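**Student:** Listed here are the chains, written in short residue letters.
Number of protein chains: 4
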Amino acid sequence: MIRFTLVGAGRIGKIHAENIARHPQATLAYVADANSDAAQSLASRWSAKAISLDDAVSGRDVDAVLIASSTDTHADWIERCAAAGKAVFCEKPLDLDIERATRCLHVAQRAGVRLYLGFNRRYDPSFMRLKREIVAGTIGRLETLHIISRDPAPPPVDYIKRSGGLFRDMMIHDLDMARWLLAAEPVEVFARGWAVDAAIGAAGDVDTAMVMLRTADGKLCQIANSRRCAFGYDQRIEAFGATGMVRADNHTATSVTVAATAGFTTEPALPFFLERYAAAYRLELEDFIAALGNKRVELADGEDGRRALILADAAQRSLTTGAAISLA
Amino acid sequence: MIRFTLVGAGRIGKIHAENIARHPQATLAYVADANSDAAQSLASRWSAKAISLDDAVSGRDVDAVLIASSTDTHADWIERCAAAGKAVFCEKPLDLDIERATRCLHVAQRAGVRLYLGFNRRYDPSFMRLKREIVAGTIGRLETLHIISRDPAPPPVDYIKRSGGLFRDMMIHDLDMARWLLAAEPVEVFARGWAVDAAIGAAGDVDTAMVMLRTADGKLCQIANSRRCAFGYDQRIEAFGATGMVRADNHTATSVTVAATAGFTTEPALPFFLERYAAAYRLELEDFIAALGNKRVELADGEDGRRALILADAAQRSLTTGAAISLA
Amino acid sequence: MIRFTLVGAGRIGKIHAENIARHPQATLAYVADANSDAAQSLASRWSAKAISLDDAVSGRDVDAVLIASSTDTHADWIERCAAAGKAVFCEKPLDLDIERATRCLHVAQRAGVRLYLGFNRRYDPSFMRLKREIVAGTIGRLETLHIISRDPAPPPVDYIKRSGGLFRDMMIHDLDMARWLLAAEPVEVFARGWAVDAAIGAAGDVDTAMVMLRTADGKLCQIANSRRCAFGYDQRIEAFGATGMVRADNHTATSVTVAATAGFTTEPALPFFLERYAAAYRLELEDFIAALGNKRVELADGEDGRRALILADAAQRSLTTGAAISLA
Amino acid sequence: MIRFTLVGAGRIGKIHAENIARHPQATLAYVADANSDAAQSLASRWSAKAISLDDAVSGRDVDAVLIASSTDTHADWIERCAAAGKAVFCEKPLDLDIERATRCLHVAQRAGVRLYLGFNRRYDPSFMRLKREIVAGTIGRLETLHIISRDPAPPPVDYIKRSGGLFRDMMIHDLDMARWLLAAEPVEVFARGWAVDAAIGAAGDVDTAMVMLRTADGKLCQIANSRRCAFGYDQRIEAFGATGMVRADNHTATSVTVAATAGFTTEPALPFFLERYAAAYRLELEDFIAALGNKRVELADGEDGRRALILADAAQRSLTTGAAISLA
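Residue numbers (the working numbering), protein chains in the order written: chain A, 1032 to 1359; chain B, 1032 to 1359; chain C, 1032 to 1359; chain D, 1032 to 1359.
Heads up, a few of these hints could be off.
Note that the list lumps identical chains together, so a pair holds whenever it fits in one copy or between two copies.
Straight-line Cα separation of at most 25 Å, SDA-like style, residue types lysine to any residue; simulated pairs [to be verified]: (1) 1045 with 1078; (2) 1080 with 1052; (3) 1045 with 1232; (4) 1080 with 1054; (5) 1192 with 1085; (6) 1326 with 1355; (7) 1192 with 1248; (8) 1045 with 1317; (9) 1045 with 1160; (10) 1326 with 1309; (11) 1123 with 1358; (12) 1080 with 1156; (13) 1192 with 1273; (14) 1192 with 1249; (15) 1192 with 1338.
Hint data in this document are derived by calculation from the structure and do not stem from the laboratory. The model shown is predicted, which means the values in this text are computed figures rather than measured ones.
Model the full structure from these sequences, guided by the hints.
**Tutor:** Quick look at the structure:
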């Protein structure tokens, strides 16, 4: 039985708490949060114990820490877990600053603790099958990759200001998917963006962006992001290869079609990540627990997190400077 | 070069006129219609000659007659063509009365003229492929057949009164498709119907109907008809077999999808038979011309027309008497 | 907190056990099964207590009994629960014999206990939405209903022999859906069937069947069943009305499409009812618990179970006698 | 009646010949081709007269010239038509060299003759509807555009060598679509490409390419091209806006789906441009004839041809230099 401390009792923390509690080989032992009421409430929901942040990683009876606190605390928590010898599952990103991210990785590495990043999309059943088909050779040699990823509505401008920008906050998921599916490192990043929403522009960020990636062996990838999407959480990936194509389309709540004079209407995409990636959150936790038993998994590790951040930084720099950024 | 006389310059006649005129091995020589202005106008459109009804089948320089006149004249025209030794392509049905239909078939048979019926759906590219897949064994042994066929809007009540009823006028197409796809004769017919539109009910007919057919070897078929359909001309067939299923769905004018808050909307079905079966009208004429050269074709012949009418009659009787009608 | 006894620790019992155990307002208190090892094993999985069949409904600390034992014991259990004043959620059917079913309903009624039947499809999210659209008037007045329901593979012939036949064992679900969606009682049943599988035929049953239903106000419904389906658990419903159509299609495990020379391939339907109706089993239990608090629900009650059985009996009689069966 | 000379009796010439001949307001008067047998054969098929290249534009009885000869002769023919005062419909591109293209445009302009370019995709019914929806405001303000365009198989390397490269030969169609749908001039072009096929790489060209375009008002567009596609002629466009999305998907020959153990398979995309754009070739000709009567049309004119070529040149330069090319 793997005993967990959960750090962070917010929206994502709650999902992880439930998935830990329901896992047959895991126990949610402790919950810590800067807001002790939130910690208490979540802990009691799953028969865990609320503890203070100071005590969060100290307990001997804890095997693993799930970090779902605010981004700016991730690196510190990783280092504390490393010091305490706890396995870590950390929500993305490691940090918004590549130097800080790299430093905490070194600490974790030296301590020899396992460190995984919550790039949940690797565990979406549709994307997993897409990956399997690529690996199985269904489409022959992969040639191009096409990722569309749109949130239903932008977060508050206050959040945007602290987010590190669209590339580090939102597209980082797609950049990880690109690396994972391309199975090769991009050596060049070209990015363009635009703020449709003037308030987001005033905050120095974009809400609409396109990126083109190129790998050393010539594979090309295009990513399109938008912070707003009228028809739900638009999450699609298409991989094109020498002998075919495989794509994962949006998910819907039901299989209902309504026909009327105007035509045939099917449902919009699921509202947002909590619905679309519910299975993914569960499956990534299962694999984290399996990984502690040394099973080979698709989980992103610390280095994956660092490389995704490097791509996001390059995209930001491409947008700022206008040039394509070489990473070779 | 096959020289044609067209009898009937109405809506269907016009389609056939164009398809004859554009066919490289055919010539539209004459057009006859009770309305001589209509005949004249259509003839001049395609460089043909308008002639009187009396002269329609007498010309020595004519090889084939295409009968697209009103239903109650079909049997007479067939007999006149038989007497004149002309090949006949006749719009469905032979006649509304099975005795009359049978009689004219005997005349044609004794005269040794070729007689084909315009069950155009056999030439719809989607239904043709469905038939090919069944014959090719793609779905294993055929077990059940499901036909949905709905017109966009009912014809005028005056037409309904002269139509012979929904089964002989509308479902006869589906009954022919059933025979063609089942490749076996139905031995039992059960029908139920209902007039949603009170005026149609007052005219002694139904506008909504379901039929169940059974063949001697146990295959089952269900047909659903409606005279009204909000989302276009609904024409679908599904064949289920031991190892799979094949279905032909509706056709649309474009491949466009519009996504909005309410979901993803594709187009309604094409408006009516002129659009949906445009290719079918062309292809059945090509096969008629090929048949005159003794190529084996999928065209319905006189006997197919008679058997479809027997099924329609049985459906009508089932509706009237309430009983399943045995044809074994 | 509603305390449950579960009777029956088989495949369906296990699903209900988990759903009860995970429900915030419910507790799985006891599990009983003729096989005491099975009862013990399932009970310990969810921290419940295994008890003997004799003690199953006697406990004062139990509010409700979930009956998931073999069909031939349902009526007895219902009567025992009635005597003990326990609310009952019983898997379908009440009994294979309409007299026995009616008798146990009377017992339950006189005792004033609540009795619901597990027609789980009423809780499939797609069918629920289809029902909502009909009720909301999206398609205008409902005119025809089309149900296709195919199992992936036939059960063992031994099961078939004890099953009461396809109509009472399998189509009874579709007959309940028809009543629920038509919101009117069928007054006529016509059925035809056929045993593709000779062993099933030898056992006196069919594996392929079609039924046509008619309501007093003229609505028509067609149902097609097969015990075998190459492409998964085929569960589709289409409702056609004056101003449109609404249909619920099959569900798939992922949204992946693979394109190759042969075309675009999407997934087969989910394998069987455990996958397709996983949400339905959870939601029907939630509604059962809500019903105990007097919330109005879509659950089938004892009378619904009796009426579905009457329709199944009529279908069987129609098949045997060849005639349409009037229920008016 | 508009009288036409057709220059070029090859594959595209044949399509135009038929569409001219069948148009009620047009006559195919003459056909000229360097291969006089080809000219003779095509002319006799449509009751036209074959003439020598020297005489092609001299006749007084000709109103318009349709240029479907090889690319390197387009500019010369345009200038000859200008000198003779004939309206011109020229297959794309004007010329592979922007200077030469610009020069011939000036000649046509000074002569005051009408000059249209055969960017046939503007007349594909699906793309026309997509354009109409954008213009009608269905998706709100257009924000991003996504074009995928893949040929089924690469042309011979000999053709590639004379083609001007993928951007000028193939993507030029997509660049025209981008300008037409964005309704704004791109001010920046970024391109990357790769030769999967070594022979194409040895010929100095790429067979796989991605381009990103940006307009002055911030709209972003991504284009992906491949010379090979296993599942047919892949032609898709998706336009994303503030309130929704509209996309045009591939076209198929039939609406048939086959279901088997592996899932549901629909047809591949139509094989190539002759099938996919059959309607577009007919409709663009109709609009050319309408344009001669001063109707406002969606046809690309000479200036559109020049601007598409500028974008193609910029893409080629971006690929060669590695930099984003500014056109502002």
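**Student:** Are the hints correct? Go through all of them and say.
**Tutor:** Okay, the hints, checked on the actual structure:
In this homomeric assembly, residue 1045 and residue 1078 come within 25 Å of each other (Cα to Cα) both inside a single copy, at 13 Å, and across copies, at 24 Å. Taking the shortest alpha-carbon separations for residue 1080 and residue 1052, both the intra-copy value of 12 Å and the inter-copy value of 22 Å come in at or below 25 Å. Taking the shortest alpha-carbon separations for residue 1045 and residue 1232, neither the intra-copy value of 32 Å nor the inter-copy value of 53 Å comes in at or below 25 Å. For the homomeric pair residue 1080 and residue 1054, the shortest alpha-carbon distances inside one copy (17 Å) and between copies (22 Å) are both at most 25 Å.
For the identical chains of this complex, residue 1192 and residue 1085 are neighbours neither inside a copy (28 Å) nor across copies (67 Å), given an alpha-carbon limit of 25 Å. For the homomeric pair residue 1326 and residue 1355, neither the shortest alpha-carbon distance inside one copy (39 Å) nor that between copies (45 Å) is at most 25 Å. Proximity of residue 1192 to residue 1248 under the C-alpha cut-off of 25 Å is restricted to the inter-copy arrangement: shortest distance 24 Å between copies versus 37 Å within a copy. When the C-alpha separation of residue 1045 and residue 1317 is checked against a cutoff of 25 Å, the pair qualifies both within a copy, at 16 Å, and between copies, at 22 Å.
Proximity of residue 1045 to residue 1160 under the C-alpha cut-off of 25 Å is found in neither arrangement, the shortest distances being 27 Å within a copy and 29 Å between copies. For the identical chains of this complex, residue 1326 and residue 1309 are intra-copy neighbours only, at 23 Å inside a copy versus 29 Å across copies, given an alpha-carbon limit of 25 Å. For the identical chains of this complex, residue 1123 and residue 1358 are intra-copy neighbours only, at 22 Å inside a copy versus 39 Å across copies, given an alpha-carbon limit of 25 Å. In the homo-oligomer, the alpha carbons of residue 1080 and residue 1156 never lie at most 25 Å apart, since the shortest distance is 33 Å inside one protomer and 36 Å across protomers.
Within a single copy, residue 1192 and residue 1273 get their C-alpha atoms only as close as 43 Å, which misses the 25 Å cut-off; across copies the closest is 22 Å, which meets it. Within a single copy, residue 1192 and residue 1249 get their C-alpha atoms only as close as 36 Å, which misses the 25 Å cut-off; across copies the closest is 21 Å, which meets it. For a Cα distance limit of 25 Å, the shortest separation of residue 1192 from residue 1338 inside one copy, 23 Å, qualifies, whereas the shortest one across copies, 40 Å, does not.
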